[in-house]
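J.: Below, each chain spelled out in residue letters.
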Amino acid sequence: MGATRERTVSAQEAGSAADSPRRRPRRGGRRSREGLAAYLFLTPWFAGLLFITIGPILASLYFSFTDYTLIGDPQWVGLDNYAKMLTDERLHSSLGVTFVYVFVSVPLQLAMALALAMVLDRGVRGLPIYRSVYYLPSLLGSSVAIAILWRRVFGADGLINQVLAFFGVDGVGWVSHPDYALGTLIVLNVWTFGAPMVIFLAGLRQIPRMYYEAAAVDGAGRMRQFFSVTVPLLTPIIFFNLVLQMINAFQTFTQAFVVSGGTGGPSDSTLFYTLYLYQTGFGSFEMGYASAMAWLLLVIIAGFTAVNFLASKYWVFYGD
Amino acid sequence: MVTKTSAAGAADTARDHRRRLLIHVGLIGFGLIMLYPLLWMVSSSFKPTAEIFSDPGLIPEEFVPENYTEGWTALQHPFHHYIWNSLIVVAGSIIGNLLACSMAAYAFARLEFKGKRLFFSIMLMTIMLPVHVVIVPQYILFANLDWINTFYPLIVPKLLATDAFFIFLMVQFIRGLPRDLDEAARIDGCGHVRIFLRIVLPLSMPALATTAIFTFIWTWNDFFSQLIFLTDPEMYTVPIALRTFVDSQSQTSWGPLFAMSAIALGPIFGFFLAGQRYLVRGIATTGIK
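If you read the sequences in order, they're chains A and B.
Taken in order, the first sequence gives residues 1 to 320; the numbers are from the numbering used here.
Taken in order, the second sequence gives residues 321 to 609; the numbers are from the numbering used here.
Worth flagging that the hints you see were computed from the coordinates, not collected in a lab.
Virtual Cβ for every residue (Gly too), placed ideally from N, Cα, C.
Incomplete in silico selection of chain A near chain B, CB under 7 angstroms:
| # | residue |
| --- | --- |
| 1 | Pro44 |
| 2 | Ala145 |
| 3 | Gln162 |
For reference, chain B alone in the conformation it holds in the complex (with noise of 0.2 angstroms):
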């Protein structure tokens, strides 16, 4: 390197001024192509049906904003109703998720108990479970506790900490907080109820945060759960009431139904804005420990 003469070393810098330029046109390019439908969805609902069937362009040529009020009362309740329901059972789940993770995350980081070890393996193995083999049982259990067309099956299991994938989330986080803390407080003489809610569960805010944000999103987008518990369109939550939308009226009002899968997509991107570093930072510390 140190024998390279000045000119060829100003060559240098230009061909990796090039290729980094090529870098991000590519980049640029795939992350366009990527978001392409995307802004094709938004744009589209702001079009009449019959264009959308013919412009792939993403100005609408005739600007049709009645998509949004015609979408809002295609079905038997306004859209704001399942907005609700599924803002119901988006809280609940939230709650649930950050009382019962925590809790169970608290002891399987900080506490030594017998059975230890294989209660955490085990916590670990129903992350991997599939619904789909506890749902025909669970289905049977509520159908008995008449729960079906509650938001009740929906809400209770989060309130019992099923969700492990987010008590394992904590569990990493809580381990990786200074002990001196809880030692100290151990000391003075607080419980471990005193040490969790004052100490630990302050500390663990961005480990908090990135449950209560995918929580969000991950009730938000569900559909299988809340398709087999919800029957009655009273109950609908979003995005059961997408799919009816689309089952009714599938040929004919395109512009609507775009307008409403964008107002359903909203707020998931609403809170990717906001919450991203919390996102980033939680499928890294789940992914490699």
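Chain A with its partners taken away, still in its complex shape (with noise of 0.2 angstroms):
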């Protein structure tokens, strides 16, 4: 594309010989010129990028090889922040949490968000009403507010029980019982359901009608049409939708803090690897180790984003 230009201009160049010394270095100008108005536009994120972004990445590898509590230098220390993560049964406890949580809260989120979607991409009379209704809690799901909501909802005296006594069920205490209080922070996540479904629904829009009706004319039913039309044409939006919740529950904090009120409890069950690293390095200042285990959670979410990516091949279909 470069070349046929240049053949243009020096075509024009030699057809109006007297415009041609003025116009060449003009445009070498021009170039340069561009070039550095776009380092001044860049300014403010360059240096956000140096000062906020990498170079505190770089500092927090420096510091996981160190001793580190804010009061004199930093210790090196090798390898030790690295070798006490093997034998620190919280860690492994909250790895274990945090993983219950993304592996079951993310799939079922998504499986609603789609579910919601086909049925409001049907033509329903009042799609925006819906729409937003279902997409409100997406806006408020990580607030402090709704968090505080939650461990009244599901408290012994709760909403939940209430209902459920209504029904003659006698409910426990969910947010206090080692066995449920991490289920009620996986309501939680599947409750904001609506941002990926919002996705969904742009999505669906964009698959022709047309091959729904020529694989209706071939004879396949609603369930066929969904597994062979939809479902291969939203492969990509699903992995997107997958690989942006992943990150996320990786990453959540707030509704785990404020629900077991900053302990992580009952006996360490919503303790997330996100919670346990806020308790080492803002509870009891040990800013080394904490730096080792959020260089830990970096190669883990990497890890698992890249496992995304590569498994992606086999089953996302990008179109022709």
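With the hints as a guide, bring the two chains together.
T.: Spelled out as structure tokens, the structure:
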């Protein structure tokens, strides 16, 4: 493309010889001036990248090899922090809690989002209203107020148990029971299915109607259409939602913090990895160990994202 | 379809009607279940605390608006103090994101420069970067600058375009704008600053609105970084204040606590009503390019 443009320019120059001496230097000047302008526009971003993002990433890598409590200088301890992870029972249990949360709540949330997007995509009247109603929890879900509400809804004498009592069922204190506390947070995440649903809806819109018509002519029923037309064409969006929601879920903090009062209890059943990291870094100020934990989190998230991308070759369908 | 008798057709539309009605009943019922906890929270904020523990219904038997006045003054500072703090952080974040992200987006969308592709992919990667990885060194950095218990750690990063998600959103939007206008302006001798200010920014209003609304909601809701950087009750924002509320009086005064929680959710609900067009479009465009 560049070559053809050169050629037309030189043809023009040949045509109007008087214009060419002025035009050539101006063109070169414009290119470099444009580069300069670009760097000026990017100055804040570069500063942020350096001081707020890359600098701290490297610093946290360094701190992860030190013992540092904010008082005095960091003491180099080599791989001690990483070795400590191998025997840290709370770390293992917090990883377990986080994995259960991610691998249960994300698929449930996406299934819910897809199911409702499918129903709404059938040309239901009042679509914008339904979409808004289902989307609202996504905006509120991460707020402290909702976590407070959850504590009351799933409390021993909370809303759920009041309703259950109406049916003669005796509920337990869901948020204070080690077997169920994590479940209430999973419900909370599923409750925020609206954001992926909106993305699914936009994706469903882009599937041409004629594919369904063609499938119907060939005798495909609704189920067959869903699995042979909708799902394959929607796989890039399913993939996008999966990656995004998994990354988000790994970083869940607020809900667990507020529902458990910052402890991760009862008996560490809601001690998410991020919550343990917070307690380590900002409760007991073990900055070295907290940095090592942060790096482990980065590796885990990057690892799962990479696995997602690799696996996507086998199930995500990119047109043509 | 041509061979179908009219009687069968009528039966078909009747069945269609019934099916459609069923779908609506299902969707409305499901929506009510979804929203019930929220409605219950608002109604409970007008109930005496004892009734919250016994009444799953929505209509308070005894109407207690005093929950609001009681909640307002229950903490060390009156609640408007925390609202004001939150508003400062939110306003600073919105200004920062609008300025810095739109500038960066203009460069990525419209200008040619060395390393553009590399920087663009770095920018995309920072969207995915978990905040926990950088929070410890950031804390140390800001502590050294004596910025703990100020709003700087929450606002300055936004002025440096660290919310890369919004850069991406605006790049996508600016790429969709016709180039004819910038070309015309350039021929008229406009520099990039004027093209940016006079042409691209005014045309990008929908993207800027989306950015402002999302920034408002996310900053207003943000808990993690505010919890870490603001430890002095004087500087508490609404989420941190709510959290101390729930920890200090966990069993006693749920009425006032719900009242303040409802107030905390109010602005988000307002922005949601006013800006849902932008929100939905924002999700859809960044979601699928």
